[in-house]
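Asker: In case you want the letters, here they are:
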Amino acid sequence: MSSTLTDLSMLELGAKLAAREVSSVEATRASLARIAQVDPKVRAFLRVDEAGALKAAEASDARRQAGSPLSALDGVPVGLKDIFLTEGLETTCGSRLLEGFVPPYDATVVRLLKEAGLPLLGKLNMDEFAMGSSNESSAYFPTHNPWDLTRTPGGSSGGSAAAVAAREVFGALGTDTGGSIRQPAGFTNTVGLKPTYGRVSRYGVIAYASSLDQPGPMARTVGDTAALFQLIARHDPLDSTSADVETPDCLTGLEDGVRGLRLGVPREYFSDGMDPEVAGTLRASLEELEKLGATLVDISLPHTKYALATYYLLASSEASSNLARYDGIRYGQRAKDARGLKELYTQTRGQGFGAEVKLRIMLGTYALSAGYYDAYYLRAQKVRTLIREDFTRAFGQVDAIVSPTSPVPAFKLGDKVGDPLSMYLMDVYTLPCNLAGLPGLSVPCGFTQGGLPVGMQLLGRPFDEARLLRIARAFEREHDFFRRAVPV
Amino acid sequence: MPLSDFQTVIGLEVHAQLLTQSKIFCGCSTAFGAEPNHHTCPVCLGMPGVLPVLNQRVVEYAVRAGLALGCSVKPTSVWSRKNYFYPDLPKGYQITQYDQPICEWGELVIDTPSGEKTVRVRRIHLEEDAGKSVHDASASAGQSLVDLNRAGVPLMEIVSEPDLRDADEAVEYLKALRDVLVYLGVNDGNLEEGSFRCDANVSVMPKGSTTYGQRCELKNLNSFRFLKQAIEYEAARQVDVLESGGKVQQETRLWDVNKGVTRSMRSKEDAHDYRYFPEPDLPPLRVSDALRDSQRQSLPELPRAKRTRFISEYGLPAYDARILTAERPLADFFEACAAHVSDAKKLSNWFLGELSRLLKEEGTPLSALRFTPAQLGELLATVEKGTVSANAAKDVLGEMFRTGRAPADIIAEKGLAQVSDVGAVEAVVDDILAKNAGEVEKYKAGKKSVYGFFVGQVMKAMKGKGNPGLVNELLKKKLGD
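Chains A and B, in that order, are what the protein sequence lines are. Using this note's numbering, the letters of the first sequence map in sequence onto residues 1 to 488. Using this note's numbering, the letters of the second sequence map in sequence onto residues 1001 to 1481.
Hints are computed from structural coordinates only; laboratory data are not their basis. Misleading hints may appear alongside valid ones.
Claimed, not checked - Short, incomplete list of chain A residues facing chain B, as computed with Cβ under 7 Å:
id: 1; residue: Y105
id: 2; residue: G204
id: 3; residue: V205
id: 4; residue: I206
id: 5; residue: S211
id: 6; residue: D239
id: 7; residue: S321
id: 8; residue: A324
id: 9; residue: R325
id: 10; residue: I329
id: 11; residue: S369
What the hints assert, rightly or not - The following label-pair restraints were derived from C-beta to C-beta distances:
id: 12; chain 1: A; residue 1: L378; chain 2: B; residue 2: E1035; range: 39 to 47 Å
id: 13; chain 1: A; residue 1: R267; chain 2: B; residue 2: G1027; range: 48 to 56 Å
id: 14; chain 1: B; residue 1: S1294; chain 2: A; residue 2: E12; range: 52 to 60 Å
id: 15; chain 1: A; residue 1: S68; chain 2: B; residue 2: H1038; range: 36 to 44 Å
id: 16; chain 1: A; residue 1: Y372; chain 2: B; residue 2: G1027; range: 32 to 40 Å
id: 17; chain 1: A; residue 1: T385; chain 2: B; residue 2: S1294; range: 29 to 37 Å
We treat Cβ as the ideally placed atom computed from N, Cα and C, and that holds for glycine.
The shape of chain A in the complex, shown without the other chains (with noise of 0.2 Å):
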């Protein structure tokens, strides 16, 4: 029974809810057998909360007895990446540092799925401070590629999307920084959706670089992805930088296909380091969307070549600066045998963030230092507007920009490490997005010949994800991808 119930869409699970064919604790004790069958191998999960996660469905099938179920997913069980704060539960962010952190407080989107009524099955792997494109950066262990078990699943949030591709959970939340979740998305055939900046509250999400951060939905189906987009688009007055804008309606409208709309092709996306499978796939997708009546535009985006340096600028001064609280002062893991304050701070830093992270604080400090602030971060933001201005000038000639996730498809475990560039390079589809600020979403578009999935990254304009949830959409029903069985 547990592996066809957790191999329903989160739609499809709150419609037999809502049926009461199933009840929220038999989806949740499914989900809990796939983690204990699958999870050894795949090791999505940092911790799994299993009493509070039947706890939370048994509260949903008692108010789907009393027959006020508190939204359409009332009762399916999800998973977090390990970067939002849960109240009582421990989060770690992939770091030593916050070993045995448990939050006083819940993150603003926590709390928006938990009074959706959604089971919260526990908190997935990552790269450490969502640093990282592979997930092999955690502190803890490396999560494994559900589809071929020697590859990575992408990263940062490679746990929730291995997670959701593995079936353990029926959905998750991710963050996407510079691809954190288009990535690993296009890397484990899930669907990921990167909201406009703004769009989705902060409050609560450990920060990586706060000026690109953005949280948003990671599942199997395009329907899935609008459903629990639509539960966390919510304006939130403890975020100052988070929009007062309408929580939009992505479900409805969401089949009505692309015809007569114009998808611009972006010349400097297609490039010389593509996987010639990857284009091959990306080329046939295109050719698809043609077919089904949107019309393609060959367009521009100059400044592309400077995205990658541009955002490792950013990125990283802000980050060297939103990881000066992990002092040792106030919570999290202290150095033991520090004497002095100089000590504590240098001891507990140096025992607790990893390299990648370190490797950051350090770029990112420098970057920001008196003498090379104009000649770096200053340039950098210059540049930042650029590309933002390439991408509103697209958009006055498209409705949607198409593109692959990824140069490649999931690389090995072990492949990358000791060659940051290389590692840097797979972000370089994903990130001009976060630094203009605009939706991205990846879909799945195939697989090549050795079995691993192939993602399509369609951009919007601003708040515009319904467009592209329905171009995903259109997408996906030509397809059914997600209906495929994961080897795991």
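Using the hints provided, position chain B relative to the given structure of chain A.
Answerer: Only chain B this time, still in chain A's reference frame:
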């Protein structure tokens, strides 16, 4: 060159805590004196995931102060992060305003021995306060404690141009600035509790020079006296350095209260690189025209204008006017009383004398006074008419102060009314002169010093209630003067 050949140059950076109920980026209380870490929440503790939300009242207060100091209020200013590690700085950075502050280029007029002087205010910016490290002897050996009640308390930093030329001017500027802020209701002016504190940038240059010397920054001067002492010491120290052929090093120095010297805290070489950059968690701060206009319209009359008006409108000496206008409640109460009296100078004497003595001795704030301005006016009129003596009136005021009862009732109850009835006084005078015929003889023989004896006897017989004017008049008449 001797000290007198040098010119001291001073600029002040003043930190004023804004009088808001809650902190600048969260809802925690700003009340002073709570148990350590009681006024804290995840936001001001810098927990992971927290974000700042600006307290709008802070903006109103800064705009108010800026307008009162004649600054231009910028429609858009920017929050920045100032990064440094310290145990009492929970986030590892302070949110402050850096290259784009909320107010710029104002001025403050002060009095100097050579007349009025205009000191330029370069900028006013907003920031959050840090917490406090407590090196407590009662804690286990070698440990320090951190109290974060102050973390996130809103501060306004007001930076002057180096227009001040000696310690007295600096003190005068600091006092004038404090008066203005307290008048505006944006700061309580409390130096002891640290809600109004000051750093001084001090340099010296040869007289006549137009090039400033190397400056030193004197940190955390928390009284007017320390400010004066520290500047005077520091200027002399710098002159000594130059005289002995040395160079003044740019550094941050502390005023050692016990030794009466400044000493080095950190040099330019160890100066922090704060790695300022725009705060990504807060959008630029926008001040609407409506907010600025409403603050401008509600600005009160400021101390200096009030002082000038007190001199011209009430005919008061500058000294009286300054004291009466130093605090707004006092000035307001004076004006309320002045409406009920004919002679404002006499009223001022009561304010500067008996009333201020009572306020000080009883520790009563003006807001808790029990008697009304009309009652004080009535008391003064009673003295004027001679119904009570000035001495008796002091007793009456004391009673009014404590009970709020009407002066007429107090006078009646205590029998303090003077006897001004000619017949009654004349009878006593006649009686005293009759009983002391010998003394009268001496007086008439030229021993005028006896006169005081007669007055004393009459007053004694009348239990002090004889109208002194009338007693004198009748005595002199009867003695044939």
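Asker: Sort out which numbered hints this structure fails and list those numbers smallest first.
Answerer: Nothing - there is no hint that the structure violates, so all of them hold.
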